[in-house]
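Okay, so the sequence shown: first residue is 0 according to numbering that gives the first Met the number 0, each after it adds one.
I should point out that these hints are in silico values taken from the structure, not numbers from a laboratory. Treat the numbers as computed from the prediction; the structure is a model and nothing was measured. Errors might be hidden in some of the hints.
[What the hints assert, rightly or not] So the derived label-pair ranges between C-beta atoms look like this:
hint	residue 1	residue 2	range
1	Tyr-138	Glu-261	15 to 25 Å
2	Val-124	Asn-73	15 to 25 Å
3	Gly-27	Arg-290	15 to 25 Å
C-beta: ideal position from N, C-alpha, C; glycine also.
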Amino acid sequence: MPESIKFTNPLINADFPDPSVIFVPGDGYYAYATHDEFSPTVNNIQLSKSADLVNWSEPVGALTEPPVWAKTCNKFWAPQVIKVGDQYRLYYAAEPDTKDGMCLALAISDKPHGFIDIGKPLAQVPGSTYKMIDPCFFYDIKTGKNLLYYGSAHEPISVVETADDGFSFISKPEAVLQPKPGVKFETLREGAFVTYQSKFDRYFLWVSGDNTWAENGYAVSVYWSENPMAEFLPIPYNHIILKSTPQWDAPGQNCILTINEEDWIVYHAVDPNDRYIKGTNQFKRKMCMSRVLYDAKGWPAL
Numbered sequence: 000m001p002e003s004i005k006f007t008n009p010l011i012n013a014d015f016p017d018p019s020v021i022f023v024p025g026d027g028y029y030a031y032a033t034h035d036e037f038s039p040t041v042n043n044i045q046l047s048k049s050a051d052l053v054n055w056s057e058p059v060g061a062l063t064e065p066p067v068w069a070k071t072c073n074k075f076w077a078p079q080v081i082k083v084g085d086q087y088r089l090y091y092a093a094e095p096d097t098k099d100g101m102c103l104a105l106a107i108s109d110k111p112h113g114f115i116d117i118g119k120p121l122a123q124v125p126g127s128t129y130k131m132i133d134p135c136f137f138y139d140i141k142t143g144k145n146l147l148y149y150g151s152a153h154e155p156i157s158v159v160e161t162a163d164d165g166f167s168f169i170s171k172p173e174a175v176l177q178p179k180p181g182v183k184f185e186t187l188r189e190g191a192f193v194t195y196q197s198k199f200d201r202y203f204l205w206v207s208g209d210n211t212w213a214e215n216g217y218a219v220s221v222y223w224s225e226n227p228m229a230e231f232l233p234i235p236y237n238h239i240i241l242k243s244t245p246q247w248d249a250p251g252q253n254c255i256l257t258i259n260e261e262d263w264i265v266y267h268a269v270d271p272n273d274r275y276i277k278g279t280n281q282f283k284r285k286m287c288m289s290r291v292l293y294d295a296k297g298w299p300a301l
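All chains, please: the whole structure from these sequences, using the hints.
Next comes the structure, spelled out in structure tokens:
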């Protein structure tokens with residue numbers, strides 16, 4: 000989408016949290032979002048489509064049916080879709096029927112919709128509650144490694160290497176970003192998204208925290224590293240890159256969409272004048288978008 004195209008936030012004026020957007024050549028844009036017990040729709044993972052990134056369809060379900068291990072589940076969180084060869088992969092987190100902690104999950108399709116779960120969780124730590132959430136797949140063009148980031152509740156953001164199939168783990172988890180107890184927006188880490196900047200040979204880790212349900216309690220921070228499986232450090236200047244404004248509260252859980260060599264951050268945020276899902280005290284988190292700019296040294300800002 001060229002910068003000349005005009006848009007007004009929100010892109011989706013409904014509850015569409017933890018958004019992830021991909022572009023399918025010749026078909027358009029697909030956006031995926033969380034579904035939970037407070038969602039006004041009956042869809043599992045929400046899916047909306049757009050020809051121009053501005054006007055979006057009514058959400059439908061991305062999964063053809065619930066996973067066999069989560070048939071009674073009403074928590075399908077933080078989806079991310081990638082294309083590998085001729086296959087589309089949908090990574091997400093879900094609560095199993097056993098209610099014994101969230102699981103990382105994977106569904107596949109030959110199209111950017113109609114996903115079928117692989118039939119078992121990718122990973123689970125029984126009793127850990129929210130450790131296994133918010134998966135983010137990243138292909139490292141430098142090493143050829145397939146990496147899967149996840150986390151965290153009040154634990155670190157971690158990464159594991161996967162085989163080419165996308166679901167067989169072939170390394171031990173490595174912590175790449177620790178929480179900082181008592182530091183606003185950094186006590187809890189979640190919603191990892193990783194990008195690579197070839198010009199300066201550095202990796203960026205975008206994360207959100209602390210509390211998506213609190214006024215002025217959620218923001219996006221950016222960290223960097225020369226190694227995607229090593230510790231990430233705060234970018235110079237202001238690493239808390241996106242936080243509340245009078246117009247939009249509690250922004251977070253972002254993806255980065257690159258269009259014509261321009262980066263855009265897609266995220267959810269809360270309209271203070273339309274704060275709650277009808278009939279609940281839960282925030283209505285709407286999909287928004289902002290341009291990402293880089294200074295002469297390659298550091299991002301909004």
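Structure-based check of each hint:
1. Separation of Tyr-138 from Glu-261 is about 21 Å and conforms to the stated range, judged on CB atoms against 15 to 25 Å.
2. For Val-124 and Asn-73, the hinted distance range of 15 to 25 Å is satisfied, since their beta carbons lie about 21 Å from each other.
3. A hinted range of 15 to 25 Å for the beta carbons of Gly-27 and Arg-290 is consistent with their spacing of about 20 Å.
Against the hints set out earlier in the document, no violation occurs for any number.
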